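Student: Respectively, the protein sequence lines represent chains A and B. Throughout the first sequence, residue numbering follows our numbering, covering 1 to 121 in sequence. Throughout the second sequence, residue numbering follows our numbering, covering 1 to 286 in sequence.
Since the hints were made in silico from the structure, they are not lab data.
A few chain A residues that face chain B, going by a derived Cβ cut-off under 10 Å, partial list only: (1) Ala49; (2) Met70; (3) Leu78; (4) Ser82; (5) Leu114.
If we take Cβ atoms under 10 Å as the criterion, some of the chain A residues that face chain B in the derived model are: (6) Ala64; (7) Gly69; (8) Phe75; (9) Gly107.
Quantities reported herein were computed from a predicted structural model and do not represent experimental measurements. Here a beta-carbon is modelled for each residue, glycine too, at the ideal position from N, C-alpha and C.
Single-letter residue listing:
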Amino acid sequence: MASQRAMTEADAALERITQVPGIRGSLLISGSDGLVVAERLMEGIDGRAIAALAASLVQRLDRATNRAGMRAPTFVHLKGNSGSVLAAPGRSDLVLVAVASTDANLGLARMQMLDAVGRLV
Amino acid sequence: MTDDIKTLTARVAEEPSSLAFLELGEALRRRGQLDAAYKVTRGGLSRYPALGDAHDLLARILSDQGDLAGAFDAWADALRFDPMRIGALKGLGFLYFRAGDVPAALDHLRRATEIDPDDISIRQAIERIRGATSQPASERARPDSPPVPAAPSGKNLPPAGSAVAAEVMADPGGNGGSQKGIMLVDGNGLRLNGTLLSPSNQDVGDGVAAELAGVSKEAARTSRLLGLGGWQAIAVESPEGNLYLVAPTPETMLLTVRDPSLPMARLGLIAERAAREAREWLVSER
Numbered sequence: 001m002a003s004q005r006a007m008t009e010a011d012a013a014l015e016r017i018t019q020v021p022g023i024r025g026s027l028l029i030s031g032s033d034g035l036v037v038a039e040r041l042m043e044g045i046d047g048r049a050i051a052a053l054a055a056s057l058v059q060r061l062d063r064a065t066n067r068a069g070m071r072a073p074t075f076v077h078l079k080g081n082s083g084s085v086l087a088a089p090g091r092s093d094l095v096l097v098a099v100a101s102t103d104a105n106l107g108l109a110r111m112q113m114l115d116a117v118g119r120l121v
Numbered sequence: 001m002t003d004d005i006k007t008l009t010a011r012v013a014e015e016p017s018s019l020a021f022l023e024l025g026e027a028l029r030r031r032g033q034l035d036a037a038y039k040v041t042r043g044g045l046s047r048y049p050a051l052g053d054a055h056d057l058l059a060r061i062l063s064d065q066g067d068l069a070g071a072f073d074a075w076a077d078a079l080r081f082d083p084m085r086i087g088a089l090k091g092l093g094f095l096y097f098r099a100g101d102v103p104a105a106l107d108h109l110r111r112a113t114e115i116d117p118d119d120i121s122i123r124q125a126i127e128r129i130r131g132a133t134s135q136p137a138s139e140r141a142r143p144d145s146p147p148v149p150a151a152p153s154g155k156n157l158p159p160a161g162s163a164v165a166a167e168v169m170a171d172p173g174g175n176g177g178s179q180k181g182i183m184l185v186d187g188n189g190l191r192l193n194g195t196l197l198s199p200s201n202q203d204v205g206d207g208v209a210a211e212l213a214g215v216s217k218e219a220a221r222t223s224r225l226l227g228l229g230g231w232q233a234i235a236v237e238s239p240e241g242n243l244y245l246v247a248p249t250p251e252t253m254l255l256t257v258r259d260p261s262l263p264m265a266r267l268g269l270i271a272e273r274a275a276r277e278a279r280e281w282l283v284s285e286r
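Whenever a hint applies, use it, and build me the whole structure from the sequences.
Tutor: Take a look at the structure:
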């Protein structure tokens with residue numbers, strides 16, 4: 001029952017994030033193994049690839065911040081030439097990930113993601 | 001001897017190859033024990049001759065001692081090893097202003113603002129230099145007067161230039177207020193230039209540089225496989241600081257770290273400017 005409620009909350013969070021202009025999809029992934037927990041993606045986007053790559057990148061950055069004497073990242077933005085990947089690591093090894101186009105409202109997406117990841121876990 | 005100096009002295013004695021000499025030298029300088037500070041810093045420089053922080057510290061000690069020529073050389077050395085060292089640019093700007101070379105003073109301060117556009121003290125210093133030089137000659141600070149020792153730490157500053165000097169030197173550590181570090185690394189995870197301090201002021205540059213090689217490859221892979229083209233930047237928020245990574249050249253990566261209070265978009269602008277400086281430096285080193 002509790003896990004069903006958690007999934008409903010996750011789906012609702014992904015729905016809110018995906019409604020932000022320019023967001024092409026969002027996923028909840030497991031940070032340690034890069035597997036998809038829940039996803040809401042536009043057609044043609046490979047959720048498994050995003051999950052694996054985002055988890056790996058977040059792990060690397062986690063190690064870098066750790067080496068710098070800082071705590072783990074709370075938000076990551078990888079900016080590419082034709083879009084962005086956003087990641088908000090949360091507790092319980094979950095990471096909220098979003099794929100954005102170049103014209104996306106990144107500020108709104110960030111706020112939605114931080115709000116959602118704080119409530120999800 | 002105060003407790004902190006005793007502790008730092010013990011640390012340096014226990015680990016002569018550590019960077020603790022920087023803290024000890026700074027603590028001695030702040031207490032006015034300039035000869036001791038000089039010896040400690042010189043000793044550290046013999047082990048780390050390419051460490052910009054050490055040259056910067058030596059410059060401030062020499063400046064406190066009134067050895068302006070020595071301070072000039074030490075700041076020039078600091079810039080040679082770390083062209084983005086704001087403290088050295090400020091120091092040289094101050095010395096040029098004292099020497100009456102206003103264009104050179106403004107040039108150094110402008111370079112400092114390009115690296116850190118948020119450091120209000122530098123902009124104010126530029127304004128004051130402009131204001132001072134627009135005054136009638138009789139009211140202007142004369143380069144050879146008054147004969148007081150320059151003190152970047154803020155004491156015994158020349159009256160006419162004191163406002164400028166105090167602002168320029170408000171951040172003797174050269175860390176630009178909330179700046180925590182800026183570092184250029186190569187594709188193999190080796191530090192090329194710059195310094196990165198942990199929240200407890202330890203030099204963590206080499207360790208972070210080693211991790212960044214993997215980050216760069218991972219970012220390139222992620223961006224390419226997700227159809228995002230090449231990667232332009234990575235912004236990372238952490239409770240202790242914001243990190244911004246850019247690639248000045250395909251083989252290098254520049255990390256800029258600032259206090260979380262600085263908006264990320266602003267940090268991005270600072271990082272882009274620093275990347276331009278880094279590109280110029282890389283060209284000059286070839």
